[in-house]
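K.L.:
Sequence:
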Amino acid sequence: MKLQQMKFKEELHRKEKAKRLKEQELLLETRRKQKEERIRKLKQTKQELQQDIMETQSTITSLDEELEPEDKHDRHTYKRNAEWRVLHNPPLMLKPSVPKFSDPAQFTEWKIEIESMIRSDIYQKDKLNQCVRNAISGKPRKVLSSLKATATLENILSTMESNFGDEKSGQSIMEEFY
Numbered sequence: 001m002k003l004q005q006m007k008f009k010e011e012l013h014r015k016e017k018a019k020r021l022k023e024q025e026l027l028l029e030t031r032r033k034q035k036e037e038r039i040r041k042l043k044q045t046k047q048e049l050q051q052d053i054m055e056t057q058s059t060i061t062s063l064d065e066e067l068e069p070e071d072k073h074d075r076h077t078y079k080r081n082a083e084w085r086v087l088h089n090p091p092l093m094l095k096p097s098v099p100k101f102s103d104p105a106q107f108t109e110w111k112i113e114i115e116s117m118i119r120s121d122i123y124q125k126d127k128l129n130q131c132v133r134n135a136i137s138g139k140p141r142k143v144l145s146s147l148k149a150t151a152t153l154e155n156i157l158s159t160m161e162s163n164f165g166d167e168k169s170g171q172s173i174m175e176e177f178y
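Just so you know, the sequence shown maps onto residues 1 to 178 in my numbering.
The set of hints was computed from the structure by calculation and includes no laboratory data.
A portion of the hints provided could be inaccurate.
Have a look at the derived ranges for each label pair, beta carbon to beta carbon [what the hints assert, rightly or not]:
#, residue 1, residue 2, range
1, 57, 35, 27 to 35 Å
2, 109, 142, 16 to 24 Å
3, 159, 94, 20 to 28 Å
4, 67, 162, 19 to 27 Å
5, 154, 106, 54 to 62 Å
6, 100, 58, 53 to 61 Å
7, 66, 148, 51 to 59 Å
8, 146, 109, 19 to 27 Å
Derived EDC-like pairs: lysine to aspartate or glutamate, alpha-carbon spacing no greater than 16 Å straight-line [stated by the list, open to error]:
#, residue 1, residue 2
9, 148, 126
10, 111, 29
11, 127, 115
12, 142, 115
13, 111, 48
14, 125, 166
15, 95, 64
16, 125, 115
17, 139, 154
18, 95, 121
19, 100, 121
20, 19, 37
21, 125, 109
22, 111, 166
23, 139, 103
24, 127, 103
25, 142, 126
Virtual Cβ for every residue (Gly too), placed ideally from N, Cα, C.
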């Protein structure tokens with residue numbers, strides 16, 4: 001009797017376990033199907049959106065072509081387009097590569113380089129001014145600190161010229177004396 005009860009319990013336990021496994025498999029299968037359906041819908045939405053984008057781009061292109069003036073050599077149109085290009089495509093702002101100035105003996109070479117950068121008019125004055133200030137170090141930096149923060153490039157160069165422009169070696173002074 002006990003043996004039958006144990007077999008019966010085992011059989012009942014196996015059936016319950018099989019039922020739970022089957023339920024889990026069904027649950028996993030429904031989740032997988034739901035996920036596949038969700039992915040399919042997302043892909044379809046993506047494809048529809050891409051198609052809408054393509055249609056919008058082609059419409060914009062055709063409208064732009066219709067809006068372009070027929071006479072491209074018209075002076076006013078050219079000026080207007082040039083203004084538009086400047087407003088929508090600002091020039092690239094380059095940082096000047098200013099040589100370092102710390103040795104007073106190298107002042108003349110440094111000054112020539114800075115003056116050529118000023119004359120070239122490639123860089124904006126305020127950017128060049130700040131880069132020149134940053135390039136000065138050592139003893140010349142102490143002279144620079146006596147100037148106001150609003151000093152222009154010309155003010156900086158003239159101050160440096162008055163302090164370091166006439167430095168001559170001992171030999172050249174002796175040659176001038178005799």
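K.L.:
The structure should be examined with respect to each hint, and the outcome stated for every one.
P.N.:
Results for each hint:
no.: 1; hint: 57 with 35: 27 to 35 Å; result: 33 Å, holds
no.: 2; hint: 109 with 142: 16 to 24 Å; result: 21 Å, holds
no.: 3; hint: 159 with 94: 20 to 28 Å; result: 26 Å, holds
no.: 4; hint: 67 with 162: 19 to 27 Å; result: 60 Å, violated
no.: 5; hint: 154 with 106: 54 to 62 Å; result: 20 Å, violated
no.: 6; hint: 100 with 58: 53 to 61 Å; result: 55 Å, holds
no.: 7; hint: 66 with 148: 51 to 59 Å; result: 57 Å, holds
no.: 8; hint: 146 with 109: 19 to 27 Å; result: 23 Å, holds
no.: 9; hint: 148 with 126; result: 14 Å, holds
no.: 10; hint: 111 with 29; result: 80 Å, violated
no.: 11; hint: 127 with 115; result: 15 Å, holds
no.: 12; hint: 142 with 115; result: 21 Å, violated
no.: 13; hint: 111 with 48; result: 64 Å, violated
no.: 14; hint: 125 with 166; result: 27 Å, violated
no.: 15; hint: 95 with 64; result: 36 Å, violated
no.: 16; hint: 125 with 115; result: 12 Å, holds
no.: 17; hint: 139 with 154; result: 19 Å, violated
no.: 18; hint: 95 with 121; result: 13 Å, holds
no.: 19; hint: 100 with 121; result: 20 Å, violated
no.: 20; hint: 19 with 37; result: 27 Å, violated
no.: 21; hint: 125 with 109; result: 20 Å, violated
no.: 22; hint: 111 with 166; result: 13 Å, holds
no.: 23; hint: 139 with 103; result: 8 Å, holds
no.: 24; hint: 127 with 103; result: 23 Å, violated
no.: 25; hint: 142 with 126; result: 21 Å, violated
Checked against the numbered hints above, the structure breaks hints 4, 5, 10, 12, 13, 14, 15, 17, 19, 20, 21, 24, 25 and satisfies the rest.
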